[in-house]
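Colleague: Mind docking these for me? Both chains are given alone in their own frames, and the hints should help you get the complex.
Residue numbers (my numbering), protein chains in the order written: chain A, 1 to 215; chain B, 1 to 334.
In silico DSSO-like cross-links for lysine-lysine, where the CA-CA straight-line distance does not exceed 27 Å:
{"id": "1", "chain 1": "B", "residue 1": "LYS33", "chain 2": "A", "residue 2": "LYS198"}
{"id": "2", "chain 1": "B", "residue 1": "LYS20", "chain 2": "A", "residue 2": "LYS198"}
{"id": "3", "chain 1": "A", "residue 1": "LYS178", "chain 2": "A", "residue 2": "LYS118"}
{"id": "4", "chain 1": "A", "residue 1": "LYS157", "chain 2": "B", "residue 2": "LYS20"}
{"id": "5", "chain 1": "A", "residue 1": "LYS117", "chain 2": "A", "residue 2": "LYS176"}
{"id": "6", "chain 1": "A", "residue 1": "LYS176", "chain 2": "A", "residue 2": "LYS118"}
{"id": "7", "chain 1": "A", "residue 1": "LYS178", "chain 2": "A", "residue 2": "LYS43"}
{"id": "8", "chain 1": "A", "residue 1": "LYS51", "chain 2": "A", "residue 2": "LYS103"}
{"id": "9", "chain 1": "B", "residue 1": "LYS67", "chain 2": "B", "residue 2": "LYS33"}
{"id": "10", "chain 1": "B", "residue 1": "LYS61", "chain 2": "A", "residue 2": "LYS198"}
Simulated restraints on C-beta separations:
{"id": "11", "chain 1": "A", "residue 1": "ASN20", "chain 2": "B", "residue 2": "SER187", "range": "30 to 36 Å"}
{"id": "12", "chain 1": "B", "residue 1": "ILE7", "chain 2": "A", "residue 2": "LEU81", "range": "34 to 40 Å"}
{"id": "13", "chain 1": "B", "residue 1": "ASP316", "chain 2": "A", "residue 2": "VAL77", "range": "45 to 51 Å"}
{"id": "14", "chain 1": "B", "residue 1": "ASP127", "chain 2": "A", "residue 2": "ASP147", "range": "37 to 43 Å"}
{"id": "15", "chain 1": "A", "residue 1": "VAL77", "chain 2": "B", "residue 2": "ILE130", "range": "29 to 35 Å"}
{"id": "16", "chain 1": "B", "residue 1": "LEU331", "chain 2": "A", "residue 2": "LEU196", "range": "52 to 58 Å"}
{"id": "17", "chain 1": "A", "residue 1": "PHE52", "chain 2": "B", "residue 2": "GLU42", "range": "50 to 56 Å"}
{"id": "18", "chain 1": "A", "residue 1": "LEU81", "chain 2": "B", "residue 2": "VAL101", "range": "32 to 38 Å"}
{"id": "19", "chain 1": "A", "residue 1": "SER174", "chain 2": "B", "residue 2": "SER187", "range": "55 to 61 Å"}
{"id": "20", "chain 1": "B", "residue 1": "LYS20", "chain 2": "A", "residue 2": "LEU196", "range": "21 to 27 Å"}
{"id": "21", "chain 1": "A", "residue 1": "ASP197", "chain 2": "B", "residue 2": "GLY105", "range": "27 to 33 Å"}
{"id": "22", "chain 1": "A", "residue 1": "VAL66", "chain 2": "B", "residue 2": "LYS20", "range": "23 to 29 Å"}
{"id": "23", "chain 1": "B", "residue 1": "ALA220", "chain 2": "A", "residue 2": "ASN195", "range": "24 to 30 Å"}
{"id": "24", "chain 1": "B", "residue 1": "GLU42", "chain 2": "A", "residue 2": "LYS157", "range": "19 to 25 Å"}
No lab work stands behind these hints, which were simulated from the structure alone.
Small disclaimer: the values here were computed from a predicted structure and weren't measured.
Positions of the beta carbon are idealized from the N, C-alpha and C atoms, including for glycine.
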Amino acid sequence: MDKERETERGSALSIGFFGNNFNDHFSQSIVISPSLYYSELYKLKKISSEKFNIKAGGMINLTANVRINPDLNNNAVGYELIPTLFGSAKGTLDVSRKVDKDKKFLFFRYRALKRTKKLALRLNVGLINSSYRNGYVYSGQSFLLNDSRLFDGYEFKVFSGFRMSSSLDYTLHSRKNKNAVQISYVWDAYKTGGNLDKFEMAQHALRFTLLFNTK
Amino acid sequence: MMMKKHIILAVLPILISCEKVLFEEDLATTDPKANFEYLWNECNEKYSYFEVKQIDWDAVKTEYEAKLFEGMTQDSLFNVLGGMLTELRDDHVNLISNFNVSFFGVEFLGQDNFYGRLIEENYLNRDYYISGPFGHNFISNDEIGYVRFASFPGTVDDTNLDFVLDRYKDTKGLILDLRENGGGAVSDIFKILSRFVEEKTLTNYSRIKNGPGRNDFSEAEPVYVSPHNGIRYTNKVIMLVDRGTYSAGSFTALATKALPNIILMGDTTGGGLGLPNGGQLPNGWTYRFSITQALTLDKSAEFENGVPPDIRVLFDWNDLTKDEVLERAILELQ
Numbered sequence: 001m002d003k004e005r006e007t008e009r010g011s012a013l014s015i016g017f018f019g020n021n022f023n024d025h026f027s028q029s030i031v032i033s034p035s036l037y038y039s040e041l042y043k044l045k046k047i048s049s050e051k052f053n054i055k056a057g058g059m060i061n062l063t064a065n066v067r068i069n070p071d072l073n074n075n076a077v078g079y080e081l082i083p084t085l086f087g088s089a090k091g092t093l094d095v096s097r098k099v100d101k102d103k104k105f106l107f108f109r110y111r112a113l114k115r116t117k118k119l120a121l122r123l124n125v126g127l128i129n130s131s132y133r134n135g136y137v138y139s140g141q142s143f144l145l146n147d148s149r150l151f152d153g154y155e156f157k158v159f160s161g162f163r164m165s166s167s168l169d170y171t172l173h174s175r176k177n178k179n180a181v182q183i184s185y186v187w188d189a190y191k192t193g194g195n196l197d198k199f200e201m202a203q204h205a206l207r208f209t210l211l212f213n214t215k
Numbered sequence: 001m002m003m004k005k006h007i008i009l010a011v012l013p014i015l016i017s018c019e020k021v022l023f024e025e026d027l028a029t030t031d032p033k034a035n036f037e038y039l040w041n042e043c044n045e046k047y048s049y050f051e052v053k054q055i056d057w058d059a060v061k062t063e064y065e066a067k068l069f070e071g072m073t074q075d076s077l078f079n080v081l082g083g084m085l086t087e088l089r090d091d092h093v094n095l096i097s098n099f100n101v102s103f104f105g106v107e108f109l110g111q112d113n114f115y116g117r118l119i120e121e122n123y124l125n126r127d128y129y130i131s132g133p134f135g136h137n138f139i140s141n142d143e144i145g146y147v148r149f150a151s152f153p154g155t156v157d158d159t160n161l162d163f164v165l166d167r168y169k170d171t172k173g174l175i176l177d178l179r180e181n182g183g184g185a186v187s188d189i190f191k192i193l194s195r196f197v198e199e200k201t202l203t204n205y206s207r208i209k210n211g212p213g214r215n216d217f218s219e220a221e222p223v224y225v226s227p228h229n230g231i232r233y234t235n236k237v238i239m240l241v242d243r244g245t246y247s248a249g250s251f252t253a254l255a256t257k258a259l260p261n262i263i264l265m266g267d268t269t270g271g272g273l274g275l276p277n278g279g280q281l282p283n284g285w286t287y288r289f290s291i292t293q294a295l296t297l298d299k300s301a302e303f304e305n306g307v308p309p310d311i312r313v314l315f316d317w318n319d320l321t322k323d324e325v326l327e328r329a330i331l332e333l334q
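Only chain B is shown next, with the shape it has when bound in the complex (with noise of 0.2 Å):
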């Protein structure tokens, strides 16, 4: 009997002992041939926009690889890295360490087109509302309602919304200015569109990267927004938009295209309609990049280089006692 119990408890260990042959081999390494395939293998089998964007995916690897060297200091690998994925050009492309976060600042691409105090100082006034994530008034003697929407923090509801809309039921117009919005939280948008709609509205497409190849993608699925049992507003609508408008921004934008009631004024948007997706190197540094395509109803996948306005304005920073982005939305709205 001694030898049995013996055996039984002898047993144990040496099938946990199994675990070693049963799993694969930590990853983790600081090498930075390693991190760099790495990554380059990951964006090459996943990232979404390299024919949108016409990338030469392998020449980017072979003029970055001959960047590396035996004993680079991790800033050095850092700037290898995270400069090989600003080659991406899209602002949902980051590296991030604990030291920096690489991007490439699609807003540089053009003009700064808002200047927020002077919308403040002369079109606001002091006794602005805050509802919400919305900072908004009348303006234009009462005559038009300006909404500013800075982010979609992911904290628009019914109560906020309903406020607003209501609050400007009997004006001409509305203004949502989204310039200068780098995106967040996508619920958002919908909450918002929903209010502007009359009855279910094909938007646009979605698709996602479904296998390595570069036109490797799941079936374009429709985007549809339907109209808020409640408070809507139905009179012309004015969104503004600039090259800060990002992500979450860059969506709204594109669903205007297809709601009549909405013009798109100002610059054209930053882009960034690719979900980023999160992974962690070998080395720890966690990166994200594009994984899915939006596409116009016509199934174009062009607008991730930018959204571009109905009515296009630049702001004029030679007079800083108007926004004529904002007048011409006036103008229009009369």
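So here's chain A without its partners, still in its complex pose (with noise of 0.2 Å):
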């Protein structure tokens, strides 16, 4: 992490059991969703401060989605790709604690050391949304033509569909060294284009990181 730029690269991947039980009817499902990902934000001067950093900049996100659903027959496994151009915003608030002080809590009296915390939001917004999903019946006919093809049918579709994600950070230093570990709470929802058979998703994950050699 840089106060002037800031690059970030990396994957993530995440596997949710899903259960739904309406008119005494119970379906399952599991979604084993992997990402890969590469942004890059710039200081905006103008707008910044000493306190409060302002970036903007992008993001390339492409997510894939592996769904297995039992009751659906031939359709029980489905996948797509959903690749996303974001534009990408992000305000970094500095909390740290710049004086040792005396706190207490209920009876306990404690000394909070000084220590270099931020706090973070960011927004990305989907500028250039697109899918690769399957055709208009859902399913391909590739394993009867005797020649069984992954992406069989599969339809791939620009400037259709919304994404927005975003993810609040909380980061704290060491006191020590340059690493640092920082807690996230991330939301992505997107839905798919189009007239037939739209797909939509939300995912809220709790993001556990540990920073190493920050600047």
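Modeller: Shown next as structure tokens:
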């Protein structure tokens, strides 16, 4: 992390188990979502201050979903790719304790040592939303052709759908070195475009990150 | 600074509440009319055999919609929706709830043409072999190999096929009995057929729905079978079929029309040449129906109504000492 420029690249994997019980019919599914991302943010000097750093930039994110729902027969396994180019903004507030303070919690007295802490909110809005999904009947026929293909009958749609994500990060820096720990609440919501079999999904995740050798 | 801190903490819940605006309303409902409309419309736009079967789907809607009424029970609604699907005369069409499954029963369009115990007692004997999904033995003075294949379980492999075909390599011919084979895994079809071709062979075409119109299909794509690089059977083959030969069984029967060394014998198959596709109704029930068409080499979809045999033979239930279909196959191979 840099005050002037922030580059981030990485991957994430989320696995969710879902159940739905409606009208005495229970369905369950497993959703596995790996994603790759690359992000660049630059400080907006005119509106930033020493205490409040505001950055803007973008992020490329490729998210895949593998969905397993045995109740859907031949569609029991579904998968799609959701590539997105985001426009991003991030505000980082320095909430550091500059001097040691004596504090009291209930009957306990303690000394709060000075420490670098940051609270940040990042918002990403999809500028180019796209999807690589099944075609009209949500199934392919390649295995009937004796020529099985993974993305059989898939269609790539650009400028279609909508995606938005955000993360609220609380970063606590070590007093002894340049390392830090970060706790984040991450929210990601997206829907595909068109009028047919739209795909909608939201993820809420609590993320714990170890940061090494921060600047 | 406290103000900014509070703003940052407040923005996130506001964004998350945007989910409600971003996402569409949940379709979940038990309303009979809503479920009827959903199912009828899904079929209307995606079912692949309306024209081949000459089904007036609008007339079906009028007939079955009139059977809906306020406060009807789940069972009554199931009978209306299931009855509507039965009008498609297709066993790849089902309505599935946790208390019933609707079906058409295509095997009842013809007489029962298979009596398994008679074959075991009078032809196979008790020492027949079971190699994976194949039950088999020598018959007719060890001159012919008989192979019973009752379903396509997806477990056909090189080991069991090699064993079966090697065992009967010196016979006059082979009988593959697919009567009452209701289908299963498509992959088994090509593993079996690859043992009976000597060169890459075009067997049929397939096309898939790609729009809501009755004739909105993809281009017809060719289906080829290539010879297996190993043990193959080159003598004459008789494939036995009947009305119970369905889905993957019918696909196999369809392919034999392009394979000169295989004769199809028995009764017309049940059809089931459309790939069934699954979905869920707003009330939680699930359904499936055909979304593809398998086409003959002259690109006709008519075999959905059943693949006709090259030689038609029916079982005589007045004489339970012999299987007329099997006897006719033996005669053909002598």
